[in-house]
Every structure is written in C-alpha cells, then in structure tokens.
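Read off the chains here:
Number of protein chains: 2
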Amino acid sequence: MKTVTIIGAGVMGSAMALPFSDRGYDVRLVGTHLDSEIIASIKTKHFHPKLNVTLPANVQAYAHGELVAALGSDTDLILLGVSSAGISWALDQLSQFMQQPIPILMITKGMHAEINSLVTLPDVVSNSLTEKFGSSVKIAAIAGPCIAGELAVRRQTGTIIVSHDQGFARQLCQDLETDYYHPRPSIDMIGVETCAAFKNFFAIAVGWANGYLEQIPTAENKAKNNNAAAIIFDQAVHELISLTKALGGQIENVWGMAGVGDLYVTCQAGRNSKLGTNLGRGLTYSQVREGPMKGDTIEGADLGRAAAHAIKAMIADGTLTKRSIPLTLSLLSALSTETSLDMPWKDFHQTN
Amino acid sequence: MKTVTIIGAGVMGSAMALPFSDRGYDVRLVGTHLDSEIIASIKTKHFHPKLNVTLPANVQAYAHGELVAALGSDTDLILLGVSSAGISWALDQLSQFMQQPIPILMITKGMHAEINSLVTLPDVVSNSLTEKFGSSVKIAAIAGPCIAGELAVRRQTGTIIVSHDQGFARQLCQDLETDYYHPRPSIDMIGVETCAAFKNFFAIAVGWANGYLEQIPTAENKAKNNNAAAIIFDQAVHELISLTKALGGQIENVWGMAGVGDLYVTCQAGRNSKLGTNLGRGLTYSQVREGPMKGDTIEGADLGRAAAHAIKAMIADGTLTKRSIPLTLSLLSALSTETSLDMPWKDFHQTN
Chain A
0 MKTVTIIGAG
10 VMGSAMALPF
20 SDRGYDVRLV
30 GTHLDSEIIA
40 SIKTKHFHPK
50 LNVTLPANVQ
60 AYAHGELVAA
70 LGSDTDLILL
80 GVSSAGISWA
90 LDQLSQFMQQ
100 PIPILMITKG
110 MHAEINSLVT
120 LPDVVSNSLT
130 EKFGSSVKIA
140 AIAGPCIAGE
150 LAVRRQTGTI
160 IVSHDQGFAR
170 QLCQDLETDY
180 YHPRPSIDMI
190 GVETCAAFKN
200 FFAIAVGWAN
210 GYLEQIPTAE
220 NKAKNNNAAA
230 IIFDQAVHEL
240 ISLTKALGGQ
250 IENVWGMAGV
260 GDLYVTCQAG
270 RNSKLGTNLG
280 RGLTYSQVRE
290 GPMKGDTIEG
300 ADLGRAAAHA
310 IKAMIADGTL
320 TKRSIPLTLS
330 LLSALSTETS
340 LDMPWKDFHQ
350 TN
Chain B
0 MKTVTIIGAG
10 VMGSAMALPF
20 SDRGYDVRLV
30 GTHLDSEIIA
40 SIKTKHFHPK
50 LNVTLPANVQ
60 AYAHGELVAA
70 LGSDTDLILL
80 GVSSAGISWA
90 LDQLSQFMQQ
100 PIPILMITKG
110 MHAEINSLVT
120 LPDVVSNSLT
130 EKFGSSVKIA
140 AIAGPCIAGE
150 LAVRRQTGTI
160 IVSHDQGFAR
170 QLCQDLETDY
180 YHPRPSIDMI
190 GVETCAAFKN
200 FFAIAVGWAN
210 GYLEQIPTAE
220 NKAKNNNAAA
230 IIFDQAVHEL
240 ISLTKALGGQ
250 IENVWGMAGV
260 GDLYVTCQAG
270 RNSKLGTNLG
280 RGLTYSQVRE
290 GPMKGDTIEG
300 ADLGRAAAHA
310 IKAMIADGTL
320 TKRSIPLTLS
330 LLSALSTETS
340 LDMPWKDFHQ
350 TN
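These protein sequence lines are chains A and B, in that order.
Quick note: numbering that gives the first Met the number 0 has the first sequence finishing at residue 351, numbered continuously throughout.
Quick note: numbering that gives the first Met the number 0 has the second sequence finishing at residue 351, numbered continuously throughout.
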C-alpha cells in the first residue's frame, strides 16, 4: 500500500484524493491555516464543504499543525496542493519537516516572474530544496483542463504530468490512470508551464467578447459575439506558440492538454474570463479591482502584471517580436494603465 | 465601382453582402429556387427574413430566373453562396450562363469524398469549369469562424481566404478588410479545406459531453462535464493535425482560423453539436435521424459518412495510422452502425 500526503486541502488538492484513493493509495490530506473548517468537516463527517462531496473512506484529514504526523516515515509521495500564493509557506514547511527526499507532485502550476525572465514553478520548488537534499527530490507537476469539482465526482478528465525526469512522469501516469482520469507524461517543463500560466491570461481576452456584447446596442437580429470570441481564442493559441518558442518550450504542448485543452475549459467560466467580461463592459482593470472583483485572486492578471517586464526584455533582446504578440501587448497595457482593453483586430493573425 | 454577384441568398451568402457593400461594391444577390421568399422580401422591403436584418441600400435582389441579368457583362467577381448540396446546380448554371472567366470566391467549403480520396470543393469547382474556360477562372474560398447573423450586423469576424493563386487571395483580403471583417490570405488549399470540413465532424464529438451529462445521475455537487468536453476538443485538434498531414496540408492551418478558431465557434451551437448531444444521450445515429433531427442537414455527419471509405483507404496504405485518430474512428463507427458513440478515452492523447 502506497501513501500520498496532500499538502493543502483546497478544491484541487482534495479532488486529487479521488484517483489516488481509487488506485489504492492511502491518502493523508493536510490543511493549511486557511483550511481549518474544511479539515474539521472531513474529520467529523468526511464531507468536503467546498467541493460539496463526501470523500472516500481512505482519505484521512490532518490539521494545519499535524504535517509531521501526516508525513510520518512512510509517505511515498507528496502532492503539493497549495495555490501559487501558498507556495512559499509550503516550501518553508517542507524544508523544516521533510526528513528524506520524498518525490513531489505539484498541482500548483505556472511561471514565476523574475525581472528579466520567467522560471517555471516546479523549477522554483526544485531549486529551493537543493540546499537540503541536492537534486535528489524528484519533482513533477500536473497541468491540463481539470475543474476540481468534476474530478471529485469522477467525471472524465485528462491531464499532463510533466517532469524533467521522464521515468518519474511515466510512473505517476501509470499509478494514476483510472477509468475517468487520464494523465499523459511530458518532459517539456517550459512548454507545459508556459501554457499552464498564460492560458489564464488569455482567457481574460476571450471573456472580453461577452462583456463587449452587453454594452453595445442590441442588433436587429439579436446577434451575439461568438465570431469575435473565436478569433480572440485563435489569436491566443498563436501567441501561446510565440511565447512558448521564445521561452524555449516545445510548441506541441500548445495544442496539447496544457494549452488548447486548458484554454478551452478556462474560457467557459472562472475568474479570468469574468475579469475579461468586465473589461469588455468598458471598465478599466483598476475599476474592476475596486468594484465587482474586489479581493478576488485573478491568476491570469497577476501573471500578466508580474511577467510584463520579462516579456518586454525578450522583445528588447530580439527573442520575441511585437508583431507576433499583439493581443498580449494590448492586454498587458490594459492591466497596467487606466485604459480599457483595446482589441488590435487588424494585427491579429498576421504572422507567427 | 466594382460589382459582385452573389449566387445563393441563404444566410452566409447574404451576410457577405455587408463587407462587399461597405467596401463600395455594387452587390447583386441572386436567389436559388429555394430562396423565393427571401428574394421577394428583399425586393419589397430590403429585409432578409432569415438573417432578420435590413440589407444595405446597394444590395439588389434577383430571383431564381434572373441570373443572366444579374451577371450582366460587368460582374467583376462571383461569390458562390450556395450550400454544398447546391453546388452541382450552381456549377450547371455557371457553365450555361457565365460568358467570360469571372473570378469566383466560394463560401461553400470542405471536401468532396471520392472512393479512395478526398478532393477540396474549390478544386471540384475549378475542374468543372476547365472544359469551358481552361484554367483561366480564378478560384478562392473562405473558411474560418463566421456565424452569418453576426457578420450581417458587422460584428468582429476573422476569416481565411484560400486560393492556389496567392495574388488573388491577397487581393480579395485587401478588397474585403473593414473595421469589422478581417480576412487573411492562404495558399494551403488542402489544409484549410480539411479543417473547414472536419471541424464540423469533430464538433459532433465535443457536443457529446453535454448530452452524456444529461443521462447520468446528478452528482452530489452538481458537477458538469467540461473536463470531458475539453479533452475531446483537444483530441479533435490532434486528429485534425493527423488528417491534415495525411492529406498533404500544412498543419499551421489547424491552429489557424479554419481549424481551432472555427472548431471553437462550431462547438458553441449548431446542428453538428446538437447531433453530438443526442448521441451523448445514448441515441444511435439512426435514432437521431428518425427522431429529434429528422430532415436536418448535418454537415459533419454527411462528411464523415462520405469520407469513411477514403479514411480507411489511407489507413490501409499507411498514410494514416489508427493510433493517431481514435476519436475519428469511434465517430465513424457511431455514424455507420446501430451503436452509440463510445469514447475511447484511454487512446486519447497517446501520440500524433
């Protein structure tokens, strides 16, 4: 019997308990300091109040202070289930309490922006553990279209598991494949994580089409704005290709589950597209942040604002051309100034 | 002043009157024998009863028998606006009444299935005019995400104009670009038309996810089926790449407007996804054809049934592998047998 310890009892970390449990793992689910109510509910009635599901019997809940007990000496795999905002806390905990180099699978995904460059989050985690463990901690990360509430009730779901260690990625895919969960291995860390990060950013732009429709006069035939959404979606795919190439990833991942697949599902709902809808209504980014989305975490906007400098540095050094990313540049401008999002239609689909 | 004669007054042909009119063309809109009511309405009150819009003043309507008058001696461009079912009729009319080699822009798009091969419709049209005109008739075709009712009220729309004659495609794009209509040129006839045809076919599969959701028990947390739709969508993109490669097209068009862009908009609504929804509910194809969609034209299904033999021939001669198109094969099976659509989840995203 293998044991997985999931750190972070939010919806995505907790939903991953399902395939692990169904493949015979003992699952230990450890809350952060934000998860106290969730952990109390699971401890008393096995019900996850944010997923709104009863978890399988072999999922044991542990409170914030019980990480050491949860890890024990027999944890075979750590699932890092915190949000990107929680990653520093989690790394601090692991540095303190992880006694041997336990392999880590991350659901936290995306890119960490440094001044002139973007680093994948799995590489950030890997680097932070080097001091204590050298390079002996295997790291992998999950990307792809996965709404947690659907996975939690065993809806069909496909993902990518990416690692620099091909054997580790393959092993995890074999260990997690079920009738409803279909992970596929990749070693293209940069390509997968670039898509995982920027699909949130581009979902903002696709969401614009709905909001714009709301604030223009109703047409004689009540036409919607699906043509516009489609060309923005497609331009987003083109720009994901440009960004992935510039960062050194494989463009095959752009039309894989981390790219087109996840962009598709991210455009159906969620906070990124909701921000886009508000921008389409003519609000500026700061008006949205002070009004309808005050206090919300909007991953695509946070990424865009953090990555803007690195993107401009890539343009300055010739790694990326302005002509290949007009949508990115318009969106970055809307996220950093007091102007509404201006779609550069005539620049779309001109080149790669 | 240039003149365009549009043959076929259905929604898409008629919607194209907008960018032509706005770019200063005189537009002559000729109905087929199916369009009598539409033409009568436009003649009396300039209102198109299927688009539900008032057409611009410089659009003149012509009835079924008035093609010769519409063509006159001054038509600069013919827009072939009939459906694929009407193409034989239109070719017959052109062979009879076209006196000189007038350039043709087609909105009819896709592939014509011969026993062991698939031929693009523009090439079918081109071949049929060779006897009378040699190769002197320039042919181009439009593809990409375009809902006619949106174009008809000047919603933002992007398309591809494809022709073996690069200069002709470029000229048409220049002549048609407006503030809301953004055509882009391509010379990859096979790539564009493969995408244009098969996106309808794959939209059936994406539609499956909604119907399947309806017929399974409601989950504890009322989860939907978006993860499934996303991996089917992404698998469809992979299989469009495999089919495009096998037929000799450029895979860049798969992530262009004719591919991913049009697949995106086709999955939002329409008869192809409605067929998929019915298959997801557990009906067989013939049950759908005898029941909820009796008499409907379903382009993706018609293409699949017509192309099945050619696809099998490509597998037999090694041009295409079964492993690269599991979704295509499952869908072809569902369209040709009395079994419901069986999604081959474990075969998805295994290879290209």
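Hints are supplied without guarantee of correctness; some may be wrong.
For chains that are exact copies, the list does not tell them apart, and a pair is met inside one copy or across any two.
[Claimed, not checked] Computed list of lysine-lysine pairs in DSBU-like fashion (alpha-carbon distance at most 30 Å, straight line):
hint, residue 1, residue 2
1, K221, K137
2, K137, K321
3, K1, K293
4, K273, K137
5, K131, K44
6, K42, K244
7, K44, K345
8, K273, K223
9, K44, K1
10, K42, K345
11, K131, K42
12, K137, K44
These aren't lab readings, by the way, just hints derived from the structure by calculation.
On a predicted model such as this, the values are computed, not experimentally measured, just so you know.
Hint by hint, here is what the structure shows:
| no. | hint | in the structure |
| --- | --- | --- |
| 1 | K221 with K137 | neither (55 Å within a copy, 36 Å between copies) |
| 2 | K137 with K321 | neither (37 Å within a copy, 35 Å between copies) |
| 3 | K1 with K293 | neither (43 Å within a copy, 54 Å between copies) |
| 4 | K273 with K137 | neither (36 Å within a copy, 46 Å between copies) |
| 5 | K131 with K44 | neither (38 Å within a copy, 80 Å between copies) |
| 6 | K42 with K244 | neither (47 Å within a copy, 54 Å between copies) |
| 7 | K44 with K345 | neither (57 Å within a copy, 34 Å between copies) |
| 8 | K273 with K223 | both (17 Å within a copy, 19 Å between copies) |
| 9 | K44 with K1 | within (24 Å within a copy, 75 Å between copies) |
| 10 | K42 with K345 | neither (57 Å within a copy, 35 Å between copies) |
| 11 | K131 with K42 | neither (33 Å within a copy, 82 Å between copies) |
| 12 | K137 with K44 | neither (34 Å within a copy, 72 Å between copies) |
In terms of the numbered hints stated before, the structure departs from hints 1, 2, 3, 4, 5, 6, 7, 10, 11, 12, listed from lowest to highest.
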